[in-house]
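Top to bottom, those sequences are chains A and B. For the first sequence, the numbering used here begins at 79 and goes up steadily by one. For the second sequence, the numbering used here begins at 10 and goes up steadily by one.
Quick caveat, the hints were computed from the structure, so don't treat them as lab data. Heads up, none of these hints are tricks.
Derived DMTMM-like pairs (lysine to aspartate or glutamate); straight-line CA-CA distance at most 25 Å:
id: 1; chain 1: B; residue 1: Lys49; chain 2: A; residue 2: Glu345
id: 2; chain 1: B; residue 1: Lys223; chain 2: A; residue 2: Glu118
id: 3; chain 1: B; residue 1: Lys384; chain 2: A; residue 2: Glu331
id: 4; chain 1: B; residue 1: Lys384; chain 2: A; residue 2: Asp330
id: 5; chain 1: B; residue 1: Lys384; chain 2: A; residue 2: Glu342
id: 6; chain 1: B; residue 1: Lys207; chain 2: A; residue 2: Asp160
id: 7; chain 1: A; residue 1: Lys337; chain 2: B; residue 2: Asp417
id: 8; chain 1: B; residue 1: Lys310; chain 2: B; residue 2: Glu336
id: 9; chain 1: A; residue 1: Lys337; chain 2: B; residue 2: Glu279
id: 10; chain 1: B; residue 1: Lys301; chain 2: A; residue 2: Asp160
id: 11; chain 1: B; residue 1: Lys228; chain 2: A; residue 2: Asp119
id: 12; chain 1: B; residue 1: Lys298; chain 2: B; residue 2: Glu45
id: 13; chain 1: B; residue 1: Lys310; chain 2: A; residue 2: Glu118
id: 14; chain 1: B; residue 1: Lys207; chain 2: B; residue 2: Glu241
id: 15; chain 1: B; residue 1: Lys310; chain 2: B; residue 2: Asp379
id: 16; chain 1: B; residue 1: Lys310; chain 2: A; residue 2: Asp119
id: 17; chain 1: A; residue 1: Lys337; chain 2: B; residue 2: Glu415
id: 18; chain 1: B; residue 1: Lys253; chain 2: A; residue 2: Glu136
id: 19; chain 1: B; residue 1: Lys207; chain 2: A; residue 2: Glu154
id: 20; chain 1: B; residue 1: Lys175; chain 2: B; residue 2: Asp260
id: 21; chain 1: B; residue 1: Lys223; chain 2: A; residue 2: Asp119
id: 22; chain 1: B; residue 1: Lys384; chain 2: A; residue 2: Glu311
id: 23; chain 1: B; residue 1: Lys301; chain 2: A; residue 2: Glu153
id: 24; chain 1: A; residue 1: Lys243; chain 2: A; residue 2: Asp216
id: 25; chain 1: B; residue 1: Lys253; chain 2: A; residue 2: Asp318
id: 26; chain 1: A; residue 1: Lys243; chain 2: A; residue 2: Glu256
id: 27; chain 1: A; residue 1: Lys252; chain 2: A; residue 2: Asp221
id: 28; chain 1: B; residue 1: Lys301; chain 2: A; residue 2: Glu343
id: 29; chain 1: A; residue 1: Lys104; chain 2: B; residue 2: Asp257
id: 30; chain 1: A; residue 1: Lys107; chain 2: A; residue 2: Asp160
id: 31; chain 1: B; residue 1: Lys75; chain 2: B; residue 2: Glu102
id: 32; chain 1: A; residue 1: Lys337; chain 2: B; residue 2: Asp379
id: 33; chain 1: A; residue 1: Lys337; chain 2: B; residue 2: Glu303
id: 34; chain 1: B; residue 1: Lys223; chain 2: B; residue 2: Glu45
id: 35; chain 1: B; residue 1: Lys27; chain 2: B; residue 2: Asp87
id: 36; chain 1: A; residue 1: Lys107; chain 2: A; residue 2: Asp318
id: 37; chain 1: B; residue 1: Lys301; chain 2: A; residue 2: Glu154
id: 38; chain 1: B; residue 1: Lys298; chain 2: A; residue 2: Glu154
id: 39; chain 1: A; residue 1: Lys326; chain 2: B; residue 2: Glu279
One-letter residues, chain by chain:
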Amino acid sequence: MYRITGKTVLATGVVEMTIEAPRVAKAHKPGQFLMVMNREDSERVPLTIADSNPEKGEVTIVFLEVGRSTIELGEEFQVGDDLFAVLGPLGTPTHLDRVGTVVVIGGGLGVAPIYPICKGLREAGNRVVTIIGYRRKDLMFWDDKLRSASDELIVTTDDGSFGMKGFVSDALKKLHDEGRPMDRVVAIGPPIMMRAVAEMTRPWEVPTTVSLNTIMIDGTGMCGGCRVGIGDETRFVCVDGPDFDGHKVHWDEMFARMKVYQREEREAIASSPSCRLYFETLKR
Amino acid sequence: MSETVDIAALGGVKEGEKKRPRSKDRRLEIACQSVEARLKNFDEVALGYSPAEAVAEAMRCLECPKPRCVVACPVHIDIPTFIGHISRGHFVEAAEDIRKYNNLPAVCGRVCPQENLCEAACIINDTNPNNPIAIGRLERFSADWQFGHSERRADSVAKAPATGYKVAVIGSGPAGLSCSADLAKMGHTVHLFEALHKAGGVLMYGIPEFRLPKTIVQKEVEYVQALGVQLECNVVVGRTMPVKEVLDEFDALFVASGAGYPNMMGIPGENLNGVYSANEFLTRVNLMKAWKSEVGTPIRKPRRVVVVGAGFTAFDVVRISLRLGAEEARIVYRRSREEMPGRGEEIEHALEEGAIFTLLTNPVRYIGDDNGFVKAVEVQKMELGEPDSSGRRRPVPVPDSNYIIECDTVVVSIGQTPNVLIPSNLPGLATRWGSVIKVNRETYMSTVPKVFAGGDAITGAATVILATRAGREAARSIDGYVRDPNRGWYPPAV
Ligand SMILES: Cc1cc2nc3c(=O)[nH]c(=O)nc-3n(C[C@H](O)[C@H](O)[C@H](O)COP(=O)(O)OP(=O)(O)OC[C@H]3O[C@@H](n4cnc5c(N)ncnc54)[C@H](O)[C@@H]3O)c2cc1C
Ligand code: SF4
Ligand code: FES
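Chain A on its own, in the form it takes in the complex (with noise of 0.2 Å):
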């Protein structure tokens, strides 16, 4: 069960994994996400789910080796290795209506995750310009997959090596600039880029849904621990999210959560082989 079948390092630090698991990829709808466990002693890994193939029961992983466990999944885990959970589809699916022209801008590693709602959105008749930004052109990965999801596709990075010099944000700026219709946005990335856009659009008062990623535990609704304020209520981001009104998020609450486990994860680096092989590597 959970048969790791394809492995591809994208960029240092990111791989994108495909995994046999014929119900979760039965189910999944763009915006959802997955659980896995390596091990019976490992944590359990909230994941987006970046594509699924119902048919093959196969579903497509990206991640970055961040901690601990993402480490440990892409160093040591290879094809024919079976992983100990796989739970999912998870969270709610991000609403795909059609409302004319929709900006999706994936930052980062959040460029995965936004394949498949690109897909969606255009098949329910929206017009779908995407942005996608990397901090340097050897960290790109699935561009040419998205330029074939989007009607039109904007890449930038940081350093200007490819595409647009600058932030996704300031490629969303320019589009703004330009009176280009815009009437929803969709922000996937690190929390500092989705807070930035949400700022961004909310003197423009266009939707904006960003994707949290909380800390997780169980991923089903029955820690709290994935908590976080919406406006005036407490949501649970695993069954309620990920998806949520960028305007509503406490994101300084969100930003104080994120750090809770910050010492702990460095200890559990410092104390993992695979771990500190990997910086090794790294540095050199």
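Fit chain B with the ligands to the given chain A structure using the hints.
Just chain B with the ligands now, with coordinates in the frame of chain A:
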């Protein structure tokens, strides 16, 4: 491989002899790990009776012809009979007899609130106050003995011939396990779906190792599987599979999804770091084993802990905190000691281990530091007023009584309600308060044909034994339903 028991040496009743009950004796205490030792580990606190102790305790039982304990037991275990077996050295038979009524004796013997049930009703209380037969400990003894001394082989269980009917059970807590086991014995094909990666429900993620070892729970799960039940973990019905798909594929559905949604108070500061729901704290520690250093899931080591509430959950949290090395672990409860719903033995153990009780006190807000971590809780004193609908006196705030308790961890343990996922994905399913599934109390059928429900999902957070009973009674009713050619005669839910 049943071991022969030398009953004479153990002081029990020999073959052909009459029992002379020693009901005047004191109830036999159970050996426990010392407080110092147990605070340094997560091993079980109560060590269990030795055979000699079990026989001695069993010898106190009068084996009443009209036993009150049986009436008080929610599943009416034939208590005098199983205790009679123990006093005669027939330990495996004792366990087998209990299993006729209760699918989870090793679990219930450990976690039932016996002091409010069978043991409260025991007639010996009348003549020898506070010394009822230790029914729970004897139940545990016989079940543990059976695990250790006989191959409890599922293939030797009398199973009805296959009926060809397929039943889906959602949730593998005590209700789901018990229902699945009985349905399998009745000859039905049973598919048991569990959302988490381990079966057992609260028995796995909620109740800590030191009260209920997880190997015991897994033995029960394995037994249910050996009966032929197909267990599939990592399936959230309503997400991984639409409820409709399950309905189409099976002849009946038993919803045993428990009460897993954590209640919070909605007071300021509840989303600060270091403020947990009991479920998060317990899941990290029990299911994910965060107390072991080698596992992946972390837990911030608490130093000064405030636990809000005084039920089963609160005591588990406070005792876990002490084992994680907390210097101060405090129960803050808005009523008084008498109203505490927790299990007596647990309250005792928590006190022995150094838990502090701050009673008639309620939090009003949590105060954070500059980094968003909780550093204190502002509480308010309470006094007891008129009784409320539960019959307990309602706590009312004392004006101008607020003060501050410093802490770095808060665990809100004020109860759980059922999750809305299944009700919201099953059109026509009637609920109370939006999530508690309404069923007919005799048939366990909901307002949707084919759909039955039981356990915490229909009552809100209750007890293991009530969930186990619901599973068993629902199995009987489901059996009647699937075999009925009309499948229409079931009184709908009320
Ligand atoms: C910390 C704690 C301590 C307790 N201590 C005691 C005690 O000492 N004595 C006692 O008698 N009672 C105790 N209780 C209460 C007791 O555990 C519960 O009443 C009992 O477990 C309820 O059983 P259940 O089968 O209805 O549900 P649960 O045990 O809650 O099991 C429900 C299962 O269903 C699964 N599930 C939910 N939704 C879905 C879905 N959509 N798809 C698939 N699976 C799903 C859940 O993951 C879970 O595994 C305690 C409870 C807690 C929280
Ligand atoms: S199941 Fe619970 S109430 Fe019934 S006899 Fe056993 S301990 Fe007592
Ligand atoms: S991760 Fe536990 S409730 Fe969301």
